[in-house]
Amino acid sequence: MGLGNESHQLLSKIATNDKHGENSPYFDGWKAYDSNAFHATKNPQGVIQMGLAENQLCFDLIEEWIGNNPNASICTAEGVNQFKYIANFQDYHGLLEFRKAVANFMSKVRGGRVSFDPDRILMSGGATGANELIMFCLADPGDAFLVPSPYYPAFVRDLCWRTRAQLIPVECHSTNNFKITREALEAAYKKAKDDNINVKGETLKSIVDFINEKNIHLVCDEIYAATVFRAPCFVSVSEVMQDMEHCKRDLIHIIYSLSKDLGLPGFRVGIVYSYNDEVVNCGRKMSSFGLVSSQTQHFLAAMLSDDKFVERFLAESSRRLAARHNHFTKGLEKVNITCLPSNAGLFCWMNLRSLLKEQTFEGEMMLWRVIINEVKLNVSPGSAFDCSEPGWYRVCFANMDNETVDVALKRIRAFVGKETEKPVEPKRWKSNLRLSFSARRFDENVMSPHMMSPHSPMPHSPLVKAT
Amino acid sequence: MNMLSRKASQGCHGQDSSYFLGWQEYDKNPYHPIQNSTGIIQMGLAENQLSFDLLKSWLRRNPDIVGLKNDGVSVFRELALFQDYHGLPALKNELVDFMAKIRGNGIKFAPEKLVLAAGATPANEILMFCLADPGEAFILPTPYYPGFDRDLKWRTGVEIVPMHCSSSNGFRITSCALEQAYQQAQKLHLNVKGVLITNPSNPLGITMTKTELNDLVDFAIDKNIHIISDEIYSGTVFNSPRFISIMEVVNERISVNNTTSIWNRIHIVYSLSKDLGVPGFRVGMIYSNNETVVAAATKMSSFGLVSSQTQYLVANLLKDKKFTFKYMEETHRRLKRRKEMLVSGLRNAGIRCLKSNAGLFCWVDMRHLLSSATFEAEKELWKRILCQVGLNISPGSSCHCCEPGWFRVCFANMSEDTLKVAMRRMKAFTDSNISAVNDGNKRVHC
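Residue numbers (the working numbering), protein chains in the order written: chain E, 6 to 472; chain V, 55 to 500.
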């Protein structure tokens, strides 16, 4: 790769450090998947991808809508008259109809309990770009944000890499179902102050009091808002603000995207919604670095302002996610595997502590390698999310069809059955998975699905092989 | 405590300059042939609107793309899920072919050295993040695209050291000027990491000569620094001399001298916004011979990937080689004709332009219309042209030109009729101006 001394002098520190987070040992799980990807008929013994938080359950609804609405595309006979205007449109305000449609959608996702101002909607390159953008607006190099752990691994990259901001984890524990506590916030905040770190903000839901008191920002990443499939219903920070008498609105910012709720990560639709006018003005200019393709804005403006479609989609998506979640967790319960009780998201937080040979992160890694190599499931170990307790794994269930879910469950049942019968013995694995491992801190060990895989999630897609 | 970052609080995004103020005035009072025939004509926007009809008719002939089908099978799902930062392989293959074609097929580009980004704007910023630490600097020949102040400096903390070019030699780059800029950087204690050129030049509309490019390469070898060549206008060359890319010049060197280290410090930025006239689609890219840069830039492109549906559309468009060949030919023909209209219209008003062979604009010499050879006079003239004449053109000072009196005037973002109206207005202005040019007391308000 030519990472010689010369490279390091010639290039920037950012280009040559590891803060993009991709040199983590967990990358090996992806290699196992990529070299031996499961396929129902062509490779039924392959590795099943359960490390990718994608929502593949409702494409049929969108495809049907597309078929019925040819004017939403600038390529069809019905829509091509818009081609010139749209192809030429690079205004960083974004198409008004797009912003109105997104504001409308965001409101519907919150049951109509709040409304959003289209003029506060900023575009960005996916939630990845949105999170980085808000950091550039709020934090100087060296400033910090408190982030409850376990957290999405790529936050380290998104919030810190080019911005040079710091991420301070706020530990949550299974003893109270990983809820964020005031004590944990205070402890993290105090420690930062003692270490002379300037804390600028929080990325939590509903801890508005804390941030109001400390006069720091609150950034709420609500990217999974419409994946809530069961009570309690989703409460957005926008609703909390509405109900509070003295809330410093200037401190509140929402990050959103259509990648999870609509299952459209490829379209790169990230949104920054801020209640702070200065942030909106500055952020709008910064959005130049990651505008949403006008072709995509135009398409989504049409689809998301179709109220009937949106309502039907949200209801059906919820229903399918609930069914999938139920099927999967019931399947796990059959072999006494429990998950953190959940009502949203595209994954379960699975508790495998009873299967660890030792209640340490080494033990977690050992079990993880077994799951990759023997059970052939690519799941994500909790340490990748900076979880404070070993033995938790994130398992995605919405990125495959029903049959594949059943195959995964069968394998898990077989494995657990074997494991619970055998005496406790450490296993030696002759694999090319790296065993070197730092038990210390994991802020460098991140694994984010989309950035880890060098291929598209569907390895046999003709799109990936250049045709 | 300052609640926002310094980047958010300061005005260093560069958007307070006249370049953007002119846009604002236009937005308040835009020209329309029927509804607002006295409105301001936008000539400050370097857009290529001349060939949309060709794109539209291609779309009508290609229903497969429309139905998002590949051999009859819907690809919607795959596109919806495709977020691989390596980009759609089919698109990258077509882009390297397209780039090669623009350079007369004298260079071969490799798709694995290409990194996609949401426009040239993030592409340039990404290169800054990769090549320079905060406080380090890049040398840029002036006059340069005003957006560079934002794209290269704002969030990266990188500095720009201007290298002033003058009309005395047609604004060409010289070894002497490069060296002077370097010395100036030393005086300011700035560590220079490279030179960024725009070739063909914005705002000059000229392609660089081999001599200039070789002088630049000599300089970069001597100082052990990078060269970034923003070749975003490479497909708008409508007249000889032909376009010569930095890559061509460096390739020649390699075969002669076998010096490879400069090879690793050459980076090209490109985009489809100008050549294909699709700035809304946000299709930009970096091409680099340096593996480390490609690797780092690829990861950084996560912050602004190209929409997969757009990647798919463009890949299919470019795959139709017959179409793209015809498109480029026709676009060049139309650009040439349009430029000649502007040049002759201005000549008719007693105004000369720098002789140009590329771009979507002319670099216009209005020094003789200034009340004094100062930037204040240039600003006054600019305001008069904006408010009295009703043309939004870009003053040279917004491009950091060191000589007052030059303006960038765009010609490809309007109809022929509108251009004719603009030329008539200019003629009327200069006819009346001859008597009014010394009336320095006149205050102009929009």
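No lab work stands behind these hints: they were computed from the structure. Treat the hints with care, as some may be off.
[Claimed, not checked] Here are the simulated lysine to any residue pairs, SDA-like style, with alpha carbons at most 25 Å apart:
1) LYS253(E) with ALA236(E)
2) LYS184(E) with SER359(E)
3) LYS18(E) with ASP187(V)
4) LYS110(V) with LYS290(E)
5) LYS167(V) with THR196(V)
6) LYS290(E) with SER63(V)
7) LYS18(E) with ARG406(V)
8) LYS353(V) with LYS253(E)
9) LYS409(V) with LYS162(V)
10) LYS290(E) with LYS474(V)
11) LYS474(V) with ARG406(V)
12) LYS105(E) with LEU66(E)
13) LYS24(E) with THR428(V)
14) LYS18(E) with GLU190(V)
15) LYS89(E) with ARG406(V)
16) LYS264(V) with ASP187(V)
17) LYS105(E) with ASP471(V)
18) LYS47(E) with ARG131(V)
19) LYS89(E) with THR196(V)
In this text, all values refer to a predicted model and were calculated from it rather than measured experimentally.
Hints and how they fare:
About 29 Å separates the Cα atoms of LYS253(E) and ALA236(E), which puts this hinted pair outside 25 Å; it is violated. For the given pair, LYS184(E) sits about 22 Å from SER359(E) by alpha-carbon distance, which is consistent with the 25 Å threshold. With a CA separation close to 6 Å, the supplied pair LYS18(E) and ASP187(V) stays within the 25 Å bound. Simply put, LYS110(V) and LYS290(E) have alpha-carbon atoms about 31 Å apart, too far for the 25 Å limit, and the pair is violated.
Among the hinted pairs, LYS167(V) with THR196(V) is inconsistent with the structure: their alpha-carbon atoms are about 29 Å apart, more than 25 Å. A C-alpha spacing of about 13 Å is found between LYS290(E) and SER63(V), which places the hinted pair at or below 25 Å, so the restraint holds. A distance of roughly 47 Å separates the Cα atoms of LYS18(E) and ARG406(V); the hinted pair therefore is violated under the 25 Å criterion. A distance of roughly 36 Å separates the Cα atoms of LYS353(V) and LYS253(E); the hinted pair therefore is violated under the 25 Å criterion.
A threshold of 25 Å between alpha carbons decides the hint, and for LYS409(V) with LYS162(V) the separation of about 30 Å lies outside it, so the pair is violated. At roughly 34 Å between alpha-carbon atoms, LYS290(E) and LYS474(V) are farther apart than 25 Å, so this suggested pair is violated. At most 25 Å may separate the alpha-carbon atoms for a hinted pair to count; LYS474(V) and ARG406(V) meet this at roughly 17 Å. Only pairs whose Cα atoms come within 25 Å are accepted, and LYS105(E) paired with LEU66(E) is accepted, the gap being roughly 22 Å.
Distance restraint check for LYS24(E) and THR428(V): the Cα-Cα separation of roughly 48 Å exceeds the 25 Å cut-off, and the hinted pair is therefore not satisfied. Distance restraint check for LYS18(E) and GLU190(V): the Cα-Cα separation of roughly 12 Å lies within the 25 Å cut-off, and the hinted pair is therefore satisfied. Straight-line distance between C-alpha atoms of LYS89(E) and ARG406(V) comes to about 32 Å, which puts the hinted pair past the 25 Å bound. For the proposed pair LYS264(V) and ASP187(V), the alpha carbon gap of about 31 Å is over 25 Å, so the pair is violated.
Taking the CA atoms of LYS105(E) and ASP471(V), the gap is about 35 Å. The hint is violated against a cut of 25 Å. The suggested pairing of LYS47(E) with ARG131(V) holds, with an alpha-carbon distance near 20 Å, which does not exceed 25 Å. This hinted pair does not check out: LYS89(E) and THR196(V) have alpha carbons roughly 33 Å apart, beyond 25 Å.
The earlier numbered hints that this structure contradicts are 1, 4, 5, 7, 8, 9, 10, 13, 15, 16, 17, 19.
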